[in-house]
Amino acid sequence: MPIVFGMASSHAPSLFAQTYEGWQRLWGRFRGTTPQPPEIENEGPEAIADFVARTAVAFATLKRELTAAKPDVVIVLAGDQNEWFDDANLPNLMIYAGDDDIVGFHNFGADDHDPPLAPWDHPDRFGVRLRVDRALGDRLLDGLVREGFDVAISRRVPVHQAPRRKVPHALVRPLPLVLPNLDVPIVPVMMKTVERSPAILTGDRCLELGRALEAICRDLPQRIALYGSGGMSHDPSGPLAGWVDEPLDRWFIEQLTAGTPAELGALYSFRSLATESGAGELRTWLPVAAALDAARPGIRATLVDYFVARKSTVGNGWVTWPELVPAAVPA
Amino acid sequence: MARISTVVCTSHSPFLFSPVEQWELTATLRGQKDAYAASIVQETRPEMDAKRERVNAAAAVLRDHLRAVNPDVLVIYGDDQQEQFHVDNFPALCIYTGTDFSGFKVNPKDGPPVGGDWPLRPRTPEHWATVPGSPKLAKSLLADLTQRGFDMAFSSKLADPERGMGHAFMRPHTLLETNYAIPTVPIWINCYLGPQPTATRCYDLGRTVRELIETYDEDLSVAIVGSGGLWHTPGAAKSYIDEEFDAKVLVGVKSGAAREMATYFDSRRPQWDPSNERSVREASGGTGVITGLGSGTGETRNWIAAIAAVEGRPGTLVDYIPINASPIGTAFAYWKL
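Protein sequences, first through last, are from chains F and B.
So in my numbering, spot 168 of the first sequence is number 1302, and the numbers just go up one at a time.
So in my numbering, spot 172 of the second sequence is number 591, and the numbers just go up one at a time.
If we strip away everything but chain F, and leave its shape as in the complex, we get:
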């Protein structure tokens, strides 16, 4: 069974807060000392309530479509922010294919509290356990390395560089909202995304990765879904914190909905404040787009929702692609 479904979304911390106060706290944390754009004035309690409602609908839509696709396993493309890795050994690509579950914390509602709750102090409330499909991870490692991808091997959950957070937030925050249930195993494909340097994957390389993943999965028996976690335009705590490059986000979405992902190969071919930092996480969407396009050339994504929420410091987007191989309907 080939890849049957693909989707991608933002995972900004604010998306997991439910209240105006929670959004305000997170805005305070991520805007840093950067002067804020005038549109901030428009993001009062009503606007935030609207963002909260739209976020719930958007994640629910991803979950509903993924559930309908009946995935046996979800390959998750995700970045790391000093959670698993540090400068002693920082990969561009890494796949965890081990026997142990990934155990960390989400942050749902943590910032709605006054004072905010530290998830690691409340494992009963915030704990997340993700199952991993080691066999598929092995197939991906083997297939990708044979094809000339220089993927770091992981068979043991990495020693935590951020001992309290434990696990990349790109995995543990959005996955509980989008997986049909947490029994569906994942394979984490970790990509370097936010480093401000030229030593980071080009857009074309991310597309090549997607095509290679599709080729490896084509002949496997499982129903495999792909999820890209991160983006869109954002620069939390950076020089552009609170400023969102909406034209960039709109152009990116347009390529997905027009079925022209190859255009996105140019995205990281030059350096720009607009494409570094958080916007670099859009790298995780590229393999999904390329894999779906390889499976069915020209396939068009559906925009589930997109809104610029400057207090989240992020252009927040959700997309899905049509299910490629319909799941059997029970007679």
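Don't read these hints as lab results, they were simulated from the structure.
Quick caveat: nothing in here was measured; it's all calculated off a predicted structure.
You may find that some hints are simply not true.
Said to hold, decoys possible - Stretch by stretch, here's where chain B covers chain F in the computed footprint (C-beta under 8 Å, at least three residues): (1) 1208-1221; (2) 1225-1231; (3) 1326-1334; (4) 1417-1428; (5) 1433-1442.
Said to hold, decoys possible - Using C-beta positions, here's what the derived DEER-type ranges look like: (6) 579(B) to 1247(F): 35 to 41 Å; (7) 452(B) to 1206(F): 39 to 45 Å; (8) 1331(F) to 422(B): 50 to 56 Å; (9) 1237(F) to 579(B): 41 to 47 Å; (10) 580(B) to 1201(F): 34 to 40 Å; (11) 1355(F) to 420(B): 31 to 37 Å; (12) 1237(F) to 600(B): 54 to 60 Å; (13) 1316(F) to 549(B): 47 to 53 Å; (14) 542(B) to 1349(F): 45 to 51 Å; (15) 420(B) to 1172(F): 40 to 46 Å; (16) 1352(F) to 580(B): 29 to 35 Å; (17) 1405(F) to 731(B): 32 to 38 Å; (18) 1317(F) to 659(B): 43 to 49 Å; (19) 1353(F) to 460(B): 44 to 50 Å.
Yeah, the Cβ is synthetic: ideal placement off N, Cα and C, and Gly gets one too.
With chain F held as given, fit chain B onto it using these hints.
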């Protein structure tokens, strides 16, 4: 512009740094552990003495050659054997961008080259050295290789400074008597843990590194070193030396046929029996995934990456010395450019 002033390839077996008494001791200890195939006939003491002399002579030739070339920088292709990297995040390709690195000159343990409960050496100048890095060149290579589609990991500091830099990078300095003073860019290639990069990928890496050095905007004389190999499977049961493999590699050395070496390497599948857990473990470096030649033999990837920089130019094979006590086919070669 920088230029590649030589390529040096050398085995880095602990036998090269051990007195013959320890070869004998190793042969005895390994003999008790079913370590040798029937084809391995142990050397007599005089034969060991003669081989030890040949090793010394070959090392002296490489040392004199490197002294004559007097490079500004060494780029060493080597592998890590759970010295800095572990199975939580083991890079396929990684480049060291730090200002310097330290490690044991030969071994952290004071004993013969066979696993055992030997005493740890102190990190004193007798056993421990610090080598300058070459961060500017290393960062440039890191960025440019990544832009060219190599998914490089980087390391700007050692994860385990107490254990120190791995032997693949320290021992060439010891063997070549550099006084640990030549600034060095270590490039790690995963040679042991399956899935390892294909030799063809390592060839492509070597070609690209050559191109990047030759267009690097600084007047530097760069020596490239391939560290490790040739055929050896330390720790495995019934070890032997595949002389056909070594001979094929040496044909490539003498002609500079790097691509053919890579093709030959990739055509060889490791010998393993899927129903035998131990054989799978040995062939895969413990991961259970078998993709190419692993174990010590896998280090031949480091030679192929190095020789890719001088493809088509005949190398000088200084010597090829099989050491049955290991067993390993050790080899020493250089390119005069």
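> Would you say the C-beta atoms of residue 579(B) and residue 1247(F) sit inside 35 to 41 Å of each other?
Replying inline: At 39 Å between Cβs, range holds.
>> Looking only at beta-carbon atoms, does the pair residue 1331(F), residue 422(B) fall within the given range of 50 to 56 Å?
In response: 27 Å, violated
>> So is the segment 1208-1221 of chain F in contact with chain B by the C-beta rule, three or more residues under 8 Å, or is the coverage claim wrong?
In response: n = 3 at 8 Å, threshold three: holds.
> Is 40 to 46 Å a correct range for the gap between the Cβ atoms of residue 420(B) and residue 1172(F)?
Replying inline: For residue 420(B) and residue 1172(F) the Cβ distance comes to about 51 Å; the hint is violated.
>> Just to be sure I understand the hint, the distance between the Cβ atoms of residue 1355(F) and residue 420(B) should be within 31 to 37 Å; is that true here?
In response: 54 Å, violated
>> At least three residues with a C-beta closer than 8 Å to a C-beta of chain B: is that true for the segment 1433-1442 of chain F?
In response: violated (count 0)
> Does the Cβ-Cβ separation between residue 580(B) and residue 1201(F) fall within 34 to 40 Å?
Replying inline: Between residue 580(B) and residue 1201(F), where Cβ atoms are some 48 Å apart, the hint is violated.
>> Assuming the hint says 39 to 45 Å, is it satisfied by the Cβ distance from residue 452(B) to residue 1206(F) or not?
In response: 44 Å, holds
> Does the Cβ pair residue 1237(F), residue 579(B) satisfy 41 to 47 Å?
Replying inline: Since the Cβ atoms of residue 1237(F) and residue 579(B) sit about 25 Å apart, the hinted range of 41 to 47 Å is violated.
>> For the hint 45 to 51 Å, verify it against the beta carbon of residue 542(B) and that of residue 1349(F).
In response: 48 Å, holds
> At a Cβ distance under 8 Å, does chain B reach at least three residues of the segment 1326-1334 of chain F?
Replying inline: Check passed, 4 qualifying residues.
> Counting residues of the segment 1225-1231 of chain F with a beta carbon closer than 8 Å to any beta carbon of chain B, are there 3 or more?
Replying inline: Three-residue rule met by the segment 1225-1231 of chain F, so holds; n is 4.
Hint compliance for this structure: hints 4, 5, 8, 9, 10, 11, 12, 15, 16 are broken, all remaining hints hold.
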